[in-house]
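Just so you know, the protein sequences line up as chains W and P, in that order. Note that full-length UniProt numbering has the first sequence beginning at 1, numbered continuously upward. Note that full-length UniProt numbering has the second sequence beginning at 1, numbered continuously upward.
These are computed hints drawn from the structure, not numbers from a lab. Just so it is clear, CB atoms sit at the ideal spot from N, CA and C, and this is done for glycine as well. A portion of the hints provided could be inaccurate.
Claimed, not checked - Derived CB-CB ranges, DEER-like:
#: 1; chain 1: P; residue 1: F39; chain 2: W; residue 2: H137; range: 51 to 57 Å
#: 2; chain 1: P; residue 1: R153; chain 2: W; residue 2: E114; range: 29 to 35 Å
#: 3; chain 1: W; residue 1: Q172; chain 2: P; residue 2: V15; range: 53 to 59 Å
#: 4; chain 1: P; residue 1: W60; chain 2: W; residue 2: G133; range: 39 to 45 Å
#: 5; chain 1: P; residue 1: V94; chain 2: W; residue 2: R189; range: 48 to 54 Å
#: 6; chain 1: P; residue 1: R153; chain 2: W; residue 2: A113; range: 29 to 35 Å
#: 7; chain 1: W; residue 1: L228; chain 2: P; residue 2: T154; range: 44 to 50 Å
#: 8; chain 1: W; residue 1: G127; chain 2: P; residue 2: V13; range: 49 to 55 Å
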Amino acid sequence: MSTPTAVALEDAKVAFRLGDGRVYTAVEKAHLTVAQGEFVAIVGPTGCGKSTLLNVAAGLLKPAAGNVRIFDRPLAGLNQDAGYLFQADALFPWKTALDNVAIGLEIKGTPRAEALPRAQKWLTSVGLGAFAGRYPHMLSGGQRKRVALAQVLIRDPKILLMDEPFGPLDAQTRQVMGNLLLDLWNADRKAVLFVTHDLEEAIALADRVVIMSAGPSSRIIGDWRVSLPRPRDIFEVRLDKEFHALHREIWSVLKDEVMKGYAQSTQAAEAV
Amino acid sequence: MSRPTLFALQVLVAVVCIVLWQVLSTVPVFGKILLPPFFFSNPFDVFSQIVKWFASGVIWKHLGITLAESILAFVIGSLGGVLVGFWFARQPLVAAVFDPYVKMVNALPRVVLAPIFALWLGLGIWSKVALGVTLVFFIVFFNVYQGVKEVSRTVLDNGRMLGMSERQLMRHVYWPSALSWMFSSLHTSVGFAVVGAVVGEYLGSAAGLGYLIQQAEGVFDVAGVFAGMFVLSAFVILIDYGVTLVERRLLVWRPTASDGRG
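All chains should be modelled from the sequences, with the hints used to inform the complete structure.
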C-alpha cells in the first residue's frame, strides 16, 4: 500500500466491568484500517459497539487488548490528530456560535483577534455566516451540527471521527448535512471514520462500508468497497443502479444482525 | 391579558386591601371596630410614619446600614461558596470526608447562631454580615458543587478532543457551568443576604431596618412596625429588580422557559 494508514485498530477488544463485577465484552478482536484520504463508514445494529470502537480510535477509551495505531505510531492518551463530531450536543452553551468555532484555535494559542475572522469564515462555509452572534439554544438542531462541524474542522485535524453526527436530525436535514460534509471533505480529503446505523447514508457517503455484528462481543463481519464516482450528490446517488445492488448485497448480511440485535434487546428488557 | 389591564388589576388589589384596612380600623361595624388600632394601626398612620422617616432623613442611615450588611454578606458568602464548591467538586475525597459536617451545619437553623456572632463580633455590622454569610454560603456552595459535577459528559469530552488542557477545561467548561448555576440561585441568595442582615439587626443592634422594627415593637408602636415592614418590602423588591437586570445581562446564553426552540 502506497497511501499511509491514518487509523489502524489491530485486534482491538473493548470490555467494561459492570456494576456487579462481571465483565461485559462490547467489541471482540476488531481489525480495521482507514487509509489517508479514505472515508470509512461503520454500520451495525443498535448496541453493537460501533460508537465504542470510535471512542477507542479517539483515545477516549482504552482497549482491553490489541493495539491502536495512528499514522503508524501507537496511540497514547487522546488522539490529537483527530477531530470528533459527537452525536449529542457538544457545543459550549455559554459561547456564541462564533466563539464556539474560534475556541478550537484559541486553545492552540492563536490570538483571539486572529481566530475570530477565521471562525467567521468557517461559519460562512457551513452556511451560518449570519448566525455568528447566536447562542446554541437559539439555533435549530441542524444549525448546531453545522457549528459543531466548523468547530472541529477549523483545527484542521488529519482524521475526522464522527459518531452518528446526523442521527438526531430529520431526514431532509440529514441529507443536506451529508452533502455539506461531502463538499467540505472533498476540499482536502481527510481520513474519516463515520459511525451510523443508516446503511443508505453509509453507502452514499463512504468509500468503504464496514458491517459489525450484533453485540455483545460484536465483531466486524463485512467490508465493502463503494466505487460510486465522486464528487457525489446524496440525493442523486440513491437513484444509481450500482447503489441499489450494493445496498441489497450489504443489507442481506446486515438484516440478520439487526434481527439478532433486536431479539437480544427485547430479551434483555424482559429479563429486567 | 394586556399589560395595562394586568397592572390595573394588580393596583386594584392593593387599593381594595388598603381601603378595607382603613375602614375596618376606623369605622365601627355593628358598634365594634373589627381591627382595633392598638393591634392593627391604620394605613394613614403607617403612611405618615413612612413620610416622616423620609422627610426627616432618618431612614437613609438605616437603609444604608442594612444595604451594606446585605452586600457584604452576599459577596463574602458567594465567594466562599464558589471556592469551596469548586474545591469539593474537583476533589471527591475532600467532599466525602466533609459531607456529614456540611449537612450538619446546613441543618442548623442559622438564627441560633446570631447570639454567638453578636458575642464574637459585637453589635456592629459584622455580626449581621456573619449571619448573612452562613445563609448565602450554603446556597451558593450547593449550586456550584452541583454545577461543576453535572457538567455534560459530552461537552467535557468535546473540550478534551479539541485539545483543552486541564486549566483550559477549568476556564472554558467548569467555570462557566458553575457560574451559571450560581446565577440561577442569585435571587434566593440575595434574598437570604437581606434576611440575615435584618434578623441580625432585629436580635441586637443599634441601626438598620431590623432595628427600626424592633424599636417600634418595643414601645408598642404598631404603626412603626408596619411602616418598617413596608419599607423593607420595597427595599427587597428594588434589590430583586436589580438582580433581574444583572441576570439578564449575564445569562443571555441560557434558554428561557418561553423559548420554544432547543
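Q: Kindly indicate which numbered hints from before are broken by the structure, ordering the numbers from low to high.
A: The structure conflicts with hint 7 only, although it agrees with all the remaining ones.
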